[in-house]
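*Asks:* Sequence:
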Amino acid sequence: QVQLVESGGGLVQPGGSLRLSCAASRSISSIVFMGWYRQAPEKQRELVASITNRGRLNYADSVKDRFTISRDNAKTTVYLQMNNLKPEDTAVYYCNLLTSRANYWGQGTQVTVDS
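In terms of the working numbering, the sequence shown opens at residue 1439 and continues consecutively.
Keep in mind the hints are simulated off the structure, nothing from the lab. These numbers come from a predicted model, not from an experiment. Any given hint could be a false lead.
As the list claims (entries may be wrong) - Here are the computed lysine-lysine pairs in the DSSO-like style, where the Cα-Cα straight-line distance is at most 27 Å: (1) Lys-1481 - Lys-1524; (2) Lys-1481 - Lys-1502; (3) Lys-1502 - Lys-1524; (4) Lys-1513 - Lys-1502.
As the list claims (entries may be wrong) - With beta-carbon atoms standing in for the labels, derived distance ranges: (5) Arg-1483 - Pro-1452: 21 to 29 Å; (6) Arg-1539 - Gly-1454: 32 to 40 Å; (7) Pro-1479 - Asn-1511: 17 to 25 Å; (8) Asp-1552 - Ser-1465: 36 to 44 Å; (9) Asp-1552 - Thr-1490: 30 to 38 Å; (10) Leu-1449 - Ser-1538: 13 to 21 Å; (11) Ser-1467 - Thr-1550: 35 to 43 Å; (12) Ser-1468 - Asp-1499: 16 to 24 Å; (13) Arg-1464 - Glu-1526: 30 to 38 Å; (14) Ser-1468 - Asp-1552: 22 to 30 Å.
All residues carry an ideal CB built from backbone N, CA and C; glycine is no exception.
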């Protein structure tokens, strides 16, 4: 079993930045992709950004040019750098790790953008 531990959420003013981290409890083989989703109150969970095992990046249109996903060389930690945050970015952010055998989720970390 793999545990995903997220950190880095919090309260930030509009225009500010946060960096989320998601660390896997062990190294994993057969990774398909790692990604970040978010869910705002009364809304469906949506994909924010992802990175495939080969390094292909994908972003939601709403965060392009503001958010950057990256990972460490061991592929056990994925990051989400969020710049120029807006109130509509407020949500619980979830880390996701998809392998050829299983789909893992983090517990979620709250991001609140408010003045």
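*Asks:* Does each hint fit the structure? Answer for all of them.
*Replies:* Each hint tested on the structure:
| no. | hint | result |
| --- | --- | --- |
| 1 | Lys-1481 - Lys-1524 | 17 Å, holds |
| 2 | Lys-1481 - Lys-1502 | 20 Å, holds |
| 3 | Lys-1502 - Lys-1524 | 13 Å, holds |
| 4 | Lys-1513 - Lys-1502 | 23 Å, holds |
| 5 | Arg-1483 - Pro-1452: 21 to 29 Å | 23 Å, holds |
| 6 | Arg-1539 - Gly-1454: 32 to 40 Å | 38 Å, holds |
| 7 | Pro-1479 - Asn-1511: 17 to 25 Å | 37 Å, violated |
| 8 | Asp-1552 - Ser-1465: 36 to 44 Å | 38 Å, holds |
| 9 | Asp-1552 - Thr-1490: 30 to 38 Å | 33 Å, holds |
| 10 | Leu-1449 - Ser-1538: 13 to 21 Å | 38 Å, violated |
| 11 | Ser-1467 - Thr-1550: 35 to 43 Å | 36 Å, holds |
| 12 | Ser-1468 - Asp-1499: 16 to 24 Å | 30 Å, violated |
| 13 | Arg-1464 - Glu-1526: 30 to 38 Å | 35 Å, holds |
| 14 | Ser-1468 - Asp-1552: 22 to 30 Å | 40 Å, violated |
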